[in-house]
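Chains as they are written, first to last, in our numbering: chain A, 1 to 235; chain B, 1 to 317.
Among these hints, one or two may not hold up.
[What the hints assert, rightly or not] Which stretches of chain A does chain B cover? Using the computed rule of at least three CB atoms under 8 Å from a CB of chain B, they are: (1) 32-45; (2) 57-65; (3) 100-110.
[What the hints assert, rightly or not] Cβ pair distances, simulated, as ranges: (4) P110(B) with A194(A): 44 to 50 Å; (5) G86(A) with D237(B): 38 to 44 Å; (6) K167(A) with R268(B): 25 to 31 Å.
Source of the hints: derived by calculation from the structure; they are not laboratory data.
Here the structure is a predicted model, which means the values were calculated and not measured.
Where a beta carbon is used, it is the ideal one built from N, C-alpha and C, also for glycine.
So the chains spell out like this:
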Amino acid sequence: MTLLALEGVDVFYGDLQATFGVDLHVEEGEAVALIGANGAGKSTLLRAMIGLTPARRGTVTFDGENITRQRCDLVARRGVAIVPEGRRLFASLTVEENLLMGAARARPGPWTLDSVFDLFPAMRDFRHHNAAELSGGQQQMVAVGRALLTNPRLLLCDELSLGLAPKVVGEIYSCFAGIREKGVSIILVEQDIARARSASNRLYCLLKGRVTLEGASDAVSLDDISHAYFGDRRQ
Amino acid sequence: MSTFLRSGLALPALGLAVVAAALILLPIDRRLAMEVLLVLAMAQGWNLLCGYTGLLSFGHHAFVGLGAYVLFMTVNTTGLSPAWSILAAALVALVVGLGMWALLRKLRGPYFSIGIWVLADSLRLLFAQWEWVGSSRGIVLNPMSIDASTFADTVFYLALGLALVTVLGVFALLRSRTGLALMAIRDNEAGAASVGIAVARNQLAAFLISAVVCAAAGAIYYLSVLYVDPSGAFDIDWQIRVLFIVIVGGLGSIEGPIIGIVIYFGLRELFRDAGDLFLIFQGLTAFLVPLIMPGGIWGLIQSRTGWQLFPTRRIAQ
């Protein structure tokens, strides 16, 4: 069953058009990767999905309902959570308070403080620290935990690996299995193509606001991806 | 009782009860006490908006003046008792606050601060031109509406009531989920929206609460002087006082404004007969405290000791 569908989505920042007629869908239980160079429109599409920058043309449908112009907080309560780029934690609050904020307007579901601590056992040790005192990797865990506590049906992850050491990135990505086990669908924006392929069922490649490639992650070749990623100058 | 103790409510409840009892029973200057209590209420209301929700207002003297005028006009034209007229002041502040919010809601940071300042000054100019409310001459409270023998006590108890309701109300609000949501909005609006917090509605609620508290305090203060004029009631000095008290005491805490109040009125009474010395010391304090203690006096105490007299945070002790 299709959980999220974008049809002909055009997003604008003022007069600047950032995406052009993007069609995209995510099935229930699926993990989908969005790849593309800087400025390709990946984060813009995520913003359009959660209503932070609503699409000017086209529709965003979640679970059969049109959410194109719905307010961000209402989309969140329907079950779309985001781990935003740069994490956007509540810096003056403690880790636990950050997590509780995720739970404040949560849908009913399997995620609780304890199940998030089980996912990231290290977080138990720094639960009473201020979010601003944490390392980048720790902050990313809190951002994932905060999003999960809203009990989402769809989790959007924007550049989880940004600015983190490869070892730490591995630790964060290893949680995906545990998240998908609980039936959460995932959209993953990632610059690291190998990581994006291995963590997803399907992928979309964007170039200058257009989808240039769509396919099963294990079926598309690196060659296809490189054409889609950079544009094919040889033709 | 034991859960009450453990929940951390016993200490603030006891403290407030002792302070209230001392104010009522001791032979103090009730005029000064009234003013202190009213400024405390204003500071707590303003701190809810600025310290906790992150919208820095330089224009809350608009509500002080508005509350005063509404009370005077209600008493003089309808004959309603002054005490009940405070409710009218609160109600009008709510409505005008909504209108101001419609203009300000998209402004953030310095734009919000300056925007509300402009609106406050516009209100002062409006009232100074408006013949029905006495224009720049101001208005006198109808003397038939008060009972001179009990008047001083009445305003004192009104001020005490407002201060207690404000402190306890803000405290209760901050302990609730809404309080945490306000702090999350202050730290990161988009992040708060992404976990399902209705950002605009929470900001509006904090704005209206602070407006109503300042209007009620302004109404009671000018009730006690029996006369109101636009340059006094809409004087930005009200805002500066609150700003000084909250910043010096500690922004974003309930304890901070209480400490700030003690320092402000302490300095003022100390230099009461020394002319401009008070202003010099106020300026020095405003300059030095944020320099040495960026979180205000209470911020420093809290970072050193971890104390919470009014426990609003989920921090391990």
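- Item | Numbered hints the structure breaks, given as an ascending list | 1, 2, 6
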